[in-house]
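Engineer: Please assemble the complex out of the two chains, which come individually in their own frames, going by the hints.
So the sequence lines, in the order shown, correspond to chains D and L. If you count the first sequence from 1, position 68 lands on 68 in the working numbering, and the numbers rise without skipping. If you count the second sequence from 1, position 20 lands on 20 in the working numbering, and the numbers rise without skipping.
Simulated from the structure, these hints should not be mistaken for lab results. We treat Cβ as the ideally placed atom computed from N, Cα and C, and that holds for glycine. Hints may be right or wrong, so weigh each one.
Label pairs and their calculated CB-CB ranges [as the list claims (entries may be wrong)]:
{"id": "1", "chain 1": "L", "residue 1": "149", "chain 2": "D", "residue 2": "170", "range": "57 to 63 Å"}
{"id": "2", "chain 1": "D", "residue 1": "34", "chain 2": "L", "residue 2": "21", "range": "37 to 43 Å"}
{"id": "3", "chain 1": "D", "residue 1": "16", "chain 2": "L", "residue 2": "18", "range": "52 to 58 Å"}
{"id": "4", "chain 1": "D", "residue 1": "340", "chain 2": "L", "residue 2": "149", "range": "32 to 38 Å"}
{"id": "5", "chain 1": "D", "residue 1": "94", "chain 2": "L", "residue 2": "203", "range": "51 to 57 Å"}
{"id": "6", "chain 1": "D", "residue 1": "113", "chain 2": "L", "residue 2": "18", "range": "49 to 55 Å"}
Derived EDC-like pairs: lysine to aspartate or glutamate, alpha-carbon spacing no greater than 20 Å straight-line [to be verified]:
{"id": "7", "chain 1": "D", "residue 1": "184", "chain 2": "L", "residue 2": "167"}
{"id": "8", "chain 1": "D", "residue 1": "184", "chain 2": "L", "residue 2": "266"}
{"id": "9", "chain 1": "D", "residue 1": "184", "chain 2": "L", "residue 2": "213"}
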Amino acid sequence: MAPHSIIKDRFRENRILQSRIIIALAVMTLLLMLLLARMTYLQVYGYQHYSHLSQQNRVRLAPAPPTRGLIYDRNGVLLAENRPAFRLVVTPEQVPDLDETLKRLEGLVTLRETDLERFHESVGHSRRFQEIPLKLQLTDEEVARLAVNRHRFPGVEVKAHLMRHYPFGDLTSHLVGYVGRIDKNELRRVDAANYRGTSHFGKTGIERHYEQTLHGQAGVERLETNARGRILRSLSREAPVPGKDLYLTVDIGLQRVADEALGEEAGAVVALDPGTGEVLALVSKPTFDPNQFVNGISIDAYRALRSAPFQPLFNRVLRGQYPPGSTIKPFIALAGLETNTITPEKSVFCPGYYRLPNDNHRYRCWKRVGHGPLDLKQAIAQSCDVYFYDLAYNTGIKAINETLAPFGFGRPTGIDMPGELPGVLPSKEWKRRAKGESWYHGETVITGIGQGFFLTTPLQLAQATADLARSGTRIQPHLLDRMGTSAGTEPVAREPKTPIQIKREADWELIRDTMVEVVHGKRGTARSIAPEDYRIAGKTGTAQVFGLPKDEEEQLDEEELERKLRDHALFLAFAPAEDPQIAVAVVVEHGGSGSATAAPVTKTVIDAYLRGGNRDDS
Amino acid sequence: MILNGDDNGVAPRQMGSLQRRLHLDGVLLGALVLIAGLGLVVLYSAFGANMEAVQRQLTRLAVAFAAMLVVAQLSPQALRRWAPWLYIVGLAMLVAVVFFGVSGGGAQRWLNLGVARFQPSELMKVALPMMLAYFLADGALPPRWRRLGLSVVMIAVPAALIGQQPDLGTAVIVAASGFFVLFLAGLPWRLLIGTAIAAGPAAAVLWFYFMHDYQRQRVLTFLNPERDPLGAGYHIIQSKIAIGSGGVYGKGFLNGTQAQLEFLPERHTDFIFAVLSEEFGLVGVGVLLCLYAVVVARGAFIAARAQDTFSRLLAGSIAMTFFVYVFVNVGMVTGLLPVVGLPLPLVSYGGTFVVTMMIGFGMLMSIHTHRRLWTS
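So here's chain L without its partners, still in its complex pose (with noise of 0.2 Å):
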């Protein structure tokens, strides 16, 4: 029997009903609302105290909070139901865009539907886990071999398609969700640590016998981002610069010489952590990395406290998906990890991925407001 929440007969309060009545999950809710609250600080500093652009974005993160909105009213069970079948519809989109597709900017991503253009490597991202989840929880934990096998043809089919389109950030997301669905679910060490040693030989053998020599000079400045002072090397060198010059209290809101005077690139996008850092300095980015600690936590709260195999699959993954966006833009930023496109979750200015990361968080309020009368 499934009962709502506003069906079990607990927290008298107004605030805790209308939490219930809405499926809403009020510490995750509030962490987001106040990183998209800080986020949208920093971009009005960052378009150099341009209110238009703070306009656009919130009109864009108020979508994406209703699409999240949306997807919490949804049962665990529906979401279990329409697995396999938004997999099966995102990988047959993937394969028209192949055919099919509308390029822009030199990539082949997009499916022209008549009324608008969509991007189906986005609902793979939402898709992936979600098939991957329901597959595995289908049958006994660990996965045996053949399930493996399976699930690693599912996870490699929709990230091959999306890398060759070519959105090589995308298709590492996709498959880093797709992967953590199946470390949760028992993933054996032995294969983890196998495949991390037979990488290397692997990659020396892509190196010397598949790529051209162009495709070779760009992984040479991926990793090493001084080859191109002009390019990669000079966003490094001018975010550190921005980053320490910022110390421990920060040059103060819209102070960021850096930022100001556009010594920083891409301030608005992908580096929008080196503005925050420059200007509110060590404290504010603890403030903001509490906060993404906190989101990151309660989703793993949210994954133990699961009922079903398979919401605890999902609910994870989306939890530790969410991380690897903010570790891997954050490193990348600080110059931990080479430059690659991600940009920094409810802080970066863009809709699109927010929206769909909206509703992954939909999903997480989803599982934890519609879990069984009996447990409570």
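Bound-form chain D, shown alone (with noise of 0.2 Å):
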């Protein structure tokens, strides 16, 4: 470039910037005498209609929050419930010498560091004439102390609210979760207006799920205040709406028998309505007390429930995922008929172990001697490994997705609960995208026994068995029965979701015929509980733990150690066999083999159900 036209080119450079800063400035004028003129219509000509409104200003709008829903299970048995609770305030103007009045309030109620400082710091920023807060939640002993000696504290009071309660406490945590201090995150999400003078927020669970239906509508108070800001009185009032009641398709008596049947095992128990897709009872253990997180938890607390053994917040009906284990097994042979890889009659010899063509690792089946022949039939009865590797091996990792993936196996449920995981239904496709790399043979042969990539979540599990039941009609797994107010609740409609196609119907009654045989068969795996009255279709599983966490290994003693090494128990059952009522998947984490200890469980839960016992309508 000649310098020429440089000059050149710094000279338009030039006109442009000034002509540009010249229009920016024209029109930053132009907007500043907008502002002005605006002023000026404000302060000038509306000076009159301002200045007496300034006078008038009389009226302050408060916001009314709705009362929150209700949520009963199924036969109307309260879960969440609004107590009326007690705070304690104080106005510093009516009291004499607030320092010594705190002084003595200590000898009446305890009182935290933290409640002084907060109460110190509200103080500096408000208006003498205004309450504040001393004390949040006063036990029945401190209300019962304040009444008595009230005449000795001028300008404090006892004042009631509504405090949300779970009368089953840890028993419901998990399922109808908890409510908790808003904060700005979530009122970001929800429509703001609303939420104006709502203090709580479901945090998890149905609470969470449900939070705009069970909040309501909020209304507004018109309060008439003096010229110095004090309210005089209440002008008018715009009621607000309260939140729907919710009724939940749980029996809480069958739930506290989940419960109880499992122990102090950690693991859950899910139970569905197979005909409808209800949840009659969802449990995971260990737990917690779900009242403690009303008020906002304490740090110390919260950290304890954070580091406590087995994660007692982790939700593992829905979010723990396992690996299926054996109990896998009766949807892979399903793949097996389907390919027509198998028939029910072929038998395969199993020696104790199974060997890939042209490979020496040796596969082994829990049971080491072996089985000798086995048909499906025997095959699923005695849970043999080498049978299924056979199995999966011969139908390929392609059919067998094909065949699982309807069951809804590596996807969310879909059920109306927040934070469910989808688990893992392996294919060669999600190999390559999860981990980059290509599927071996070898992991073909492992999924025919629900292990390798294989997780499923207990909720998965339960939905599985319940289409296994109903002959591959599906329906949506679901917590909502109905809702509404006291006057009259409404049914909340489910859709069928679509069915499974198998391609011999006859294959349904084959599949069921072998659980019944787990259960009833004279070497199923889980003939121990076996009723006289009725027959269980079912399949126990076990899951492989391959280690822990170096650190987590650091921390426990040897017992503890020792268990935690031990492997998973799973078992998924219906029942009764013919026309199914009630379908159960459990996982005992760590309980060793499923029919030592998932099956008891799992017979303890349709027992309950089948003959109404045990029901606990209180």
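Structural biologist: Below is the structure:
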């Protein structure tokens, strides 16, 4: 480029810049004039009007928050209620000596350091005639003591408000969830106008999923104040619309049975009505008391919960992803029948191990000495691994995936609860996407016994069991049965899902028979739980635990370590086998074998449901 | 050759030489100090005659003016050299916020740097106009399509990252500061008008296909505050009463009933302009707006007198961005614009953004006081 053109460019650039600055200045001047015109309009023309309004400005608007809807079980047993609670408030203006009063109050109620700090901070920010909360939750005893000594404390009052309470405590924590103080992030997700004055928000479970329904519509109260801003009286009130009450599908009696059956073990129990998709019981253990979250849990208590063994805050039903182990075998068998890889009569010899062609690696059967020759029924009843290694290898991962996917494996079930995890239904495509690696034959082999990459949640297992029980008719598992007010309730309609199609309808019956054999057969792995008056179809499973994170391993003593390295026990079942009323999936973490620990839990739950005993309707 | 102000042998006056030695611009500094002073007076009233809060704010202002002084010592050439690095660092930190950011108050805006928490979006307010000025000054003006396209990407990426935190107010300010550089550099008019026309249908698509119901409700409340009489609507009603009842001469210092009786919400932050209007009337408002006008005009003058394209673009953008703060805040308090949470510069209570703003003025002073000798 010649210097000539650079100079020319420079002139041009200068011209553009100068003209643009002038345009900008002109626009800004115009906008400034606009502001001045607006100010003149308000302050000169509007002066009379606004001055009058300012003198009359005696009306304050206060939000009237709605009452939160209640939550009941299917029989109308209250699971979440609004209880009157009492808080201590102080009006500084009416207190002769604030420090002295606080000192004397400490003799009657326990005041935490944080309570006092918050109180003093509020005193600095508020007007002297406003009430300031000193303590949010008074015990009954404290309320009584304050009532007796009331005359000694002018300006100190006990005020009532409603507080969420969960009467069943830790029994419903993973089901109903809990509310807590609303935070800014949650306010951003909702219509802020409706939540002004609302202090609590559903944090987990049903409380979270149906937050909007439970919350209701806020109202407005108009308050008259004097010229100094003191509230004189309420002028009018646009009443809030209370939130709707929810009736869940869960039976709290059965919930308790399931909870007690699991005892002190960590694990999960889900029971469904296969005909309707109603969740009858949903238990995850260990658990925690949801009531401590309502008014803000202390940091120490929260830390204790977070670091407690087996993570009580973790909802295993929705978020626990376990290898299905042998419980997957009936589904693998169906894949084999669909692809004509096997016939029910075809026999396989189990020598105690399985070898792929041209490979020396031995895939062991759980029974080291081998089962000998087995047909399909016995292979499932005795849970022979070799049979299913061979079956999976011959069926291929693609066909297995295609048969299992319609049962909902690898996808969230879509239940009306937040935070559900999808699990993993392995396939070549999945592995390439998730790990960037190609698929090996050995991985198909172990998929046959529900190991390897396969992960399912207890809820998915229960759903698949229900699908099997109802010959492929599917319905959305759900927790909300009906909702409404004290005036009446309306049921919530559920659309059925696309049914599962298989080539021979008779195969449903065939698979169910093999599962009956598991419980009622002479050699069935769960024969110890067989009831006499009805028939259960079930399948045991054991999921291997390979190891623990290093830091966790170091924290545990030897006995605990031994427990934590034990396999997870699984059992899924439905009953009665001829006309399924209930489908159950149970996971007992580190329970050893499915037949020993998970099956008896399942039996207890089914018994309680079918015999109608052990109901707790209090 | 670059000469410092004290080497050019002009201005024998004591004040003038001290100013030059410190690389300060008297007019700009004077106007800023007066605004900050008036701000402290109003703040004292807005806090209900609370001296403590005023002292806290005074400390922040001191830090901010010190930051301005430091930046003024740097030469525009240094600013230019640093521009791309600051931008890259800022962008990297914004991305880091997405992955490792600390949440606070519902938004994820902060990075934990061990010693302190840092808000990368504040850095971007400074770094983006610098980067664009650097980038556009490097080529011929007005920029061609390729440069225009790249500039839009440079603006859109940080603005989107800040917008999703979510911090819409800052995202808009950052985008505006970048847009002003483009505008000054000669963004073609037909493009400007074309974009404005295309915005309508784009908004409609967004509304019908991409927004959640609660988001639509928020937009409705935003456009029509009366929908939420306890929230934004209440703010505007009370704010208008405060301003209007102030009249020409105001109700007098500490006598504003709207402010003192706490009818006026957010009175020490976003709505502080209403306190000034109520207590000092149209006269007080006129004084403050004139002072703001002096700052903006001086900024534009500095931009016009600057010796290289980078300095001009940067100085012009800083002055215009400052004006946007004033216009949007006053517009919202007087009910001309919807309520967005932008503070009134140097008057509203708060620290971080004052420091960022004064760093910008430090750059203006640097640009004005480091001019080459041969033009003077």
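Engineer: Hint numbers the structure violates, sorted upward?
Structural biologist: When the structure is compared with the hints, numbers 3, 4 turn out to be violated.
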